[in-house]
Amino acid sequence: KQEVTQIPAALSVPEGENLVLNCSFTDSAIYNLQWFRQDPGKGLTSLLLIQSSQREQTSGRLNASLDKSSGRSTLYIAASQPGDSATYLCAVLRGAQKLVFGQGTRLTINP
Amino acid sequence: DAGVIQSPRHEVTEMGQEVTLRCKPISGHNSLFWYRQTMMRGLELLIYFNNNVPIDDSGMPEDRFSAKMPNASFSTLKIQPSEPRDSAVYFCASSLAGYGYTFGSGTRLTVV
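These protein sequences, in sequence, are chains H and C. Position 50, counted from 1, in the first sequence is what my numbering calls 56; the numbers after and before it change by one each time, with no gaps. Position 110, counted from 1, in the second sequence is what my numbering calls 130; the numbers after and before it change by one each time, with no gaps.
Mixed in with the good hints, there may be bad ones.
To be verified - Straight line, CA to CA, 30 Å or less: simulated DSS-like cross-link-like pairs of lysine-lysine: (1) H/Lys74 <-> H/Lys104; (2) C/Lys44 <-> C/Lys88; (3) C/Lys88 <-> H/Lys104; (4) C/Lys44 <-> C/Lys98; (5) H/Lys104 <-> H/Lys7; (6) C/Lys88 <-> C/Lys98; (7) H/Lys48 <-> H/Lys7; (8) C/Lys44 <-> H/Lys48; (9) H/Lys74 <-> C/Lys44; (10) H/Lys7 <-> C/Lys98; (11) H/Lys48 <-> C/Lys88; (12) H/Lys48 <-> C/Lys98; (13) H/Lys104 <-> H/Lys48; (14) C/Lys98 <-> H/Lys74; (15) H/Lys7 <-> H/Lys74; (16) C/Lys88 <-> H/Lys7.
To be verified - Covered stretches of chain H (chain C as the covering partner; in silico rule of three or more C-beta atoms under 8 Å from a C-beta of chain C): (17) 48-58; (18) 105-111.
What the hints assert, rightly or not - Some chain H residues close to chain C (C-beta under 10 Å, calculated; not the full set): (19) Tyr37; (20) Phe42; (21) Leu95.
FYI, nobody ran anything at the bench for these hints, they're computed from the structure. Note that the Cβ used here is the ideal one computed from N, Cα and C, for glycine as well.
Start from the sequences and build out the full structure, keeping to the hints where you can.
Following this line, the structure appears as structure tokens:
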């Protein structure tokens, strides 16, 4: 059974810092990995999608990497801003189109 | 595209009542998913459809839950009878052959 773990569960940093969120998964036979953002009381917004053949994806201040062999992905946020405060969720697609989610990292950026 | 559309946004109902949640996927997407989110268990996949056919309903908690997809543009998740432990946020998502999922805004269900 595929399990996805996100560390840390919560993170609070001052504005302007660069930060890294971690995601690990137990089964390396994945099709892709997707990072989402969820604001309180809202739905999930897709941030980055990394196919299994890719090593990383970038969008603006966000960079996500994927290392299938070690079962790890990281989401790097550069020059953090208060508007980045949200819960970040990592999800892996292994087979049969089942997207399995981690529990998320709750990020707070302090002005 | 308006994205995945769910209704209602909020639902408050009394225990024992029937609840129906609705979802309109993105046009052209061939897979539809129903998830439930709670603080304790996070996001759980309840059921998913491929080309309108239910493929895996192993996540449906019990027989009180049922889901249908009569056509490519509409799906329902029904709970009958509802119980307080069903209170959660229910999300619908769609994708095209697993290439990236798009989620709706969710339905916050409260059963009192």
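Here's how the hints hold up against the structure:
1. H/Lys74 <-> H/Lys104: Holds, at roughly 18 Å.
2. C/Lys44 <-> C/Lys88: Holds, at roughly 12 Å.
3. C/Lys88 <-> H/Lys104: holds, 18 Å
4. C/Lys44 <-> C/Lys98: holds, 15 Å
5. H/Lys104 <-> H/Lys7: holds, 11 Å
6. C/Lys88 <-> C/Lys98: Between lysine 88 of chain C and lysine 98 of chain C the Cα gap is close to 8 Å, so the pair holds against 30 Å.
7. H/Lys48 <-> H/Lys7: Distance ~28 Å between lysine 48 of chain H and lysine 7 of chain H Cα, so the pair holds.
8. C/Lys44 <-> H/Lys48: holds, 17 Å
9. H/Lys74 <-> C/Lys44: violated, 34 Å
10. H/Lys7 <-> C/Lys98: Holds - the C-alpha atoms of lysine 98 of chain C and lysine 7 of chain H are around 28 Å apart, at most 30 Å.
11. H/Lys48 <-> C/Lys88: Answer holds: lysine 48 of chain H to lysine 88 of chain C is near 25 Å, not above 30 Å.
12. H/Lys48 <-> C/Lys98: holds, 22 Å
13. H/Lys104 <-> H/Lys48: holds, 22 Å
14. C/Lys98 <-> H/Lys74: Violated: lysine 98 of chain C and lysine 74 of chain H sit about 38 Å apart, past 30 Å.
15. H/Lys7 <-> H/Lys74: holds, 16 Å
16. C/Lys88 <-> H/Lys7: holds, 27 Å
17. 48-58: holds (count 6)
18. 105-111: holds (count 6)
19. Tyr37: Given a least distance of 6 Å, the restraint on tyrosine 37 of chain H holds.
20. Phe42: Since the shortest Cβ distance to chain C is 8 Å, the answer is holds.
21. Leu95: This hint holds: leucine 95 of chain H lies near chain C, its Cβ roughly 7 Å from the closest one there, short of 10 Å.
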